[in-house]
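Asker: Below, each chain spelled out in residue letters.
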Amino acid sequence: MNNQFQLHPEIASSIAFDVDVLYFFVVAVSIFFMALICVLIFVFAMKYRRRTEDQQAETQTHGHLGLEITWSAIPLVLMLIMFAWGVWIFFKVYQIPDGAMEYYVVGKQWMWHIQHPTGQREINEMHVPINTPVKLTMASEDVIHSFFIPAFRVKNDVIPGRYTSLTFEATKPGKYHLFCAEYCGTEHSLMIGSVYAMEPEDYQDWLGGGVADETPEEAGARLFSQLNCDTCHSDQAGSRGPSLNGKFGTEEVLASGERILIDEAYIRESIVNPRVRLVAGYPSIMPTYQGQITETNIFNLISYIKSLPSTEGAQ
Amino acid sequence: MSVSTEAAAHGHEVHDHPEYMRHQFDDMEQQNDAANLGMWLFLLTEVMFFGGFFLGYSIYRSEYYDSFVIGSQNLDVFLGGLNTVALITSSVTMAFAVRAAQLGKKNHILIFLVLTLILGLVFMVNKYIEYSHKLHDGLIPGYNFLWTGLGDGQSIQLFYSFYFCMTGTHGLHVLIGLVLIVWLLIRVWQDKFTTEYYAPIENFGLYWHFVDLVWIFLFPLLYLIGGLAV
Amino acid sequence: MSTIAQQGAAEHRMPRDHFLNAAYTIKSWLLTMDHKRVGLLYLFSISFFFLIGGTFASLIRLELATPEADLMEADQYNVAFSMHGIVMIFFFLIPSIPAVFGNFIMPLMIGAKDVAFPKLNLMSWYLFIFGGTFGVLTTLLGGVDTGWTFYTPFSSTYSNSNVILAGMAAFIAGFSSILTGLNFMVTIHKMRAPGITWFKMPLFVWGMYATSLIMVLGTPVIAITLALMMVERGLQIGIFDPALGGDPVLFQHLFWFYSHPAVYIMILPGMGVISEVIAAFSRKRIFGYDFIAMSSVSIAVLGFFVWGHHLFVSGQSIYAGMVFSFITMLVAVPSAIKVFNWMATIYRGSVSYDAPMLYALGFIGLFSVGGLTGVFLAIMGLDIHMHDTYFVVAHFHYVMVGGAVTAFMAALHFWWPKISGRMYPEGWSRLAAFLIFAGFNMTFFPQFIVGYLGMPRRYHVYPEEWQLLNIMSSAGATVLAVAFIVPVIYLLWSLKNGKIAGPNPWRATGLEWILSSPPPEHNFPTTPIVEEEPYDYGEIIENPVHRDEEEKEHEHA
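Chains as they are written, first to last, in the numbering used here: chain A, 3 to 317; chain B, 106 to 335; chain C, 5 to 561.
Be careful, since some hints might not be right.
DEER-style ranges, computed between Cβ atoms [said to hold, decoys possible]: (1) C:Ser321 x B:Leu311: 36 to 46 Å; (2) A:Pro311 x B:Ile321: 55 to 65 Å; (3) A:Gln57 x C:Glu430: 11 to 21 Å.
I should point out that these hints are in silico values taken from the structure, not numbers from a laboratory. C-beta: ideal position from N, C-alpha, C; glycine also.
I would like the entire structure built from these sequences, with the hints used as guidance.
Answerer: Now the structure itself:
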């Protein structure tokens with residue numbers, strides 16, 4: 003048990019220090035104003051206390067425009083500074099760096115499933131290398147959860163029916179708390195775990211020790227044929243579904259004439275609810291897979307589809 | 106203080122006010138103004154109330170436009186149009202009733218209120234016919250919702266959810282209006298209103314026009330998405 | 005007005021006829037059209053709900069004294085914090101100052117014989133009780149475990165508790181507050197006595213006006229949102245359930261569109277009370293009247309455009325977040341204006357330290373902490389870390405308890421002599437004020453620290469390194485709980501044994517202090533005509549000895 007009295011959680015990610023600086027700046031401003039208010043109230047209260055029952059106030063004033071402007075303008079300017087500073091940090095947190103390691107996270111009453119880029123899976127534990135940007139793509143199987151690592155100063159809701167993401171770069175090896183921050187039912191407070199930040203070499207060792215049966219792409223490929231996706235989604239002319247080769251990140255024309263970017267969210271929707279946005283020229287025959295496929299498997303399918311090379315050139 | 110509270114023995118024994126004037130007001134003008142402002146504020150809360158529906162509707166309509174078109178084309182434009190005509194006409198007859206109240210013509214008030222009542226009933230009967238068709242076709246959202254046609258049944262169910270929530274709440278308002286008309290008719294019959302005191306009729310008129318106005322938004326938004334399909 | 009019967013030696017007597025002894029039957033209370041009696045009906049009802057909400061709060065703090073689950077199971081704990089929130093917000097804080105003192109005092113302040121629609125006013129109370137019955141029923145049947153926020157899809161699909169019952173409770177209570185707001189707005193517009201122009205209204209009335217505006221515009225939206233949530237739960241129609249094509253975050257937008265302004269429903273009336281109390285106990289004209297009045301209105305209006313600051317980490321677009329963050333920070337300006345104007349009012353005043361003033365000074369300090377910590381949460385970069393931690397819990401308790409409840413206590417002590425005609429014991433009332441202030445800070449200050457360290461809210465077990473801070477908090481809560489019992493005892497005691505107050509014990513300005521205490525059944529025999537501005541403390545104000553009409557006539561003869 004760590005009985006040491008702390009004022010801030012451990013600084014263990016690239017942005018944690020920035021957040022703390024802003025935090026302590028606002029704390030300082032607050033302390034200044036609180037001290038000002040308390041001292042003035044105390045002084046006024048002593049100096050102008052009523053000494054006799056009939057004592058009147060020394061003056062009666064309506065107000066003073068100059069003072070009003072002053073004490074509106076000073077807070078306003080301070081607010082503008084803090085606002086801009088806060089926005090700057092927010093952008094920094096949500097910036098997705100190139101070449102980030104991509105983890106998949108699934109929240110489920112009441113546990114966290116984590117899948118490494120190389121396919122290793124963990125429950126309520128997450129091992130990450132330090133000094134490496136990590137991007138989490140997160141989904142929920144049921145209600146809204148929120149993925150929160152105080153030592154990294156990052157948090158984002160995990161919402162059913164859509165993907166949210168979170169990026170961070172751990173800087174200090176250690177074991178840190180992982181919490182669910184959005185109330186999610188009975189064992190909300192037990193939906194916790196640990197994040198292990200490790201030196202990159204240690205992380206490689208750890209990976210070696212783990213049993214990575216298959217990578218997400220391999221798992222996806224297996225599912226793709228298991229679920230018979232490949233009977234319709236093929237390259238052959240006249241196939242009943244559009245080919246998926248090299249489609250990730252490109253634009254496609256829908257039956258309604260709209261154009262849509264093929265990203266994780268669109269692929270996910272096309273699996274669980276295929277009839278909402280059909281690609282032009284194909285019949286509405288694909289059955290829904292809602293409730294028949296887990297979020298983890300959807301992740302794997304997406305990884306597989308992402309990995310499919312373009313076949314344009316070959317034709 | 107120079108506030109004058111010194112009053113003559115002017116208690117509540119003195120009845121120099123008409124019985125329809127409430128004790129908290131100084132004169133009828135104040136009472137009528139208060140009632141009027143109260144009604145407008147009430148309508149403002151109604152606007153916010155329906156606003157929640159319209160917001161939700163717009164969001165899902167843009168998200169699932171194709172399904173909303175399909176759902177919309179399954180509604181009966183003829184019945185909806187008939188209802189639009191019925192409600193607009195009833196607004197006109199209601200306006201005449203208010204005018205008659207201003208002029209103190211009891212018979213005219215009665216005639217126009219009855220006409221408004223009949224048109225309102227026509228609306229409700231149509232609504233009943235429409236709803237029972239939907240029930241028959243299994244289009245009531247919920248566990249028994251059944252969609253066999255083209256398109257994505259799930260988002261078409263969303264369209265019907267909004268259809269029933271919005272027209273249902275609106276229908277409830279019409280129904281409450283009809284009850285109030287009956288109440289007004291009784292009061293008119295009993296000669297409770299005068300040319301000085303007819304605020305209840307006037308304010309009910311405002312309510313009725315509001316209900317009409319909501320329908321004028323609901324009709325195109327629900328029945329005519331993607332153009333008039335015949 | 006005569007100055008004959010002034011000096012301290014004068015014996016105050018209870019007036020012969022007043023609204024309390026006009027009739028004694030139960031019917032005369034339950035069917036009353038008198039705004040003062042309706043105000044008291046609310047006072048009894050919300051005190052009852054405060055007791056229920058407070059009991060749940062005590063259970064929560066007791067459980068959190070240790071990091072393990074020992075007093076309650078997880079489900080029981082979830083019920084405890086959910087019921088605490090629902091009862092305190094919908095059945096205590098929202099009706100507290102508006103429905104009790106807004107009803108009792110506001111019509112007196114503007115020289116009206118009653119509110120504009122007395123029947124509607126009584127109906128509001130019945131709706132409140134009807135909603136409250138659902139609330140009590142929910143508790144008796146095992147409670148609800150969704151938190152007071154009812155977030156979907158947990159509430160609409162996954163929870164196994166009495167969600168619909170609790171939703172109905174809030175839904176019905178909402179209509180009560182819509183009707184109250186409507187009634188007050190019409191009253192303030194149309195019932196002011198001649199001479200009370202908009203900028204001569206007491207600031208409490210301005211506070212009530214701003215509050216009513218929010219009640220009228222915001223409450224219908226929460227009503228429709230809760231209704232959709234309940235329909236969704238009953239029928240599974242899919243509006244908020246992603247598995248059926250719906251959007252769970254839409255619920256949050258609609259919910260906070262009302263529920264953030266609702267925070268201002270709780271605090272604006274409190275600010276109005278503080279303006280009255282500070283002026284009266286400094287015997288000084290309020291500094292910057294126009295600015296205080298307009299800051300109330302601007303807080304009410306801005307309050308409708310800040311809801312998105314609850315969704316910075318809920319997948320809301322960054323640009324939407326920036327707009328919400330910016331507008332939220334603007335709210336700090338009118339709040340600061342108020343605080344500084346109150347301090348300028350004390351400056352060179354004649355300051356006395358009766359219980360209402362102690363609460364008011366406490367309010368300035370606690371509200372400032374609540375407001376400043378609100379700035380932390382409005383800053384996007386900080387909110388990522390602080391969202392849904394104990395920092396948020398501490399912040400809103402500083403605003404709601406440190407602000408709204410402290411102001412409620414100030415109002416209760418300020419107008420108690422007017423309501424009951426008697427004074428409460430000075431020493432005890434000051435002691436209670438100190439205890440509440442101390443207990444409150446002990447309870448909630450440690451939560452700022454544990455919150456920044458990362459403890460999420462709504463956790464019933466937590467890592468053991470945070471036990472020390474939690475024990476401090478629980479110890480403070482014990483002091484706070486005891487401190488709230490003290491006023492109940494001495495106020496009840498004073499009803500029979502208190503010194504008779506006379507019409508104006510604080511020697512304050514304002515129409516309510518001209519009337520006898522307790523006021524007559526029909527307030528003003530004739531509508532008063534007001535010539536001077538509010539807070540005219542330029543001349544000495546007396547506490548005249550009350551004389552009944554008969555005696556006056558006798559004297560004349």
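Asker: State for each hint whether it applies.
Answerer: Against the structure, the hints:
1. C:Ser321 x B:Leu311: 36 to 46 Å: About 39 Å separates the Cβ atoms of C:Ser321 and B:Leu311, which means 36 to 46 Å holds.
2. A:Pro311 x B:Ile321: 55 to 65 Å: Between A:Pro311 and B:Ile321, where Cβ atoms are some 56 Å apart, the hint holds.
3. A:Gln57 x C:Glu430: 11 to 21 Å: holds, 18 Å
The earlier numbered hints are all upheld by this structure, with none contradicted.
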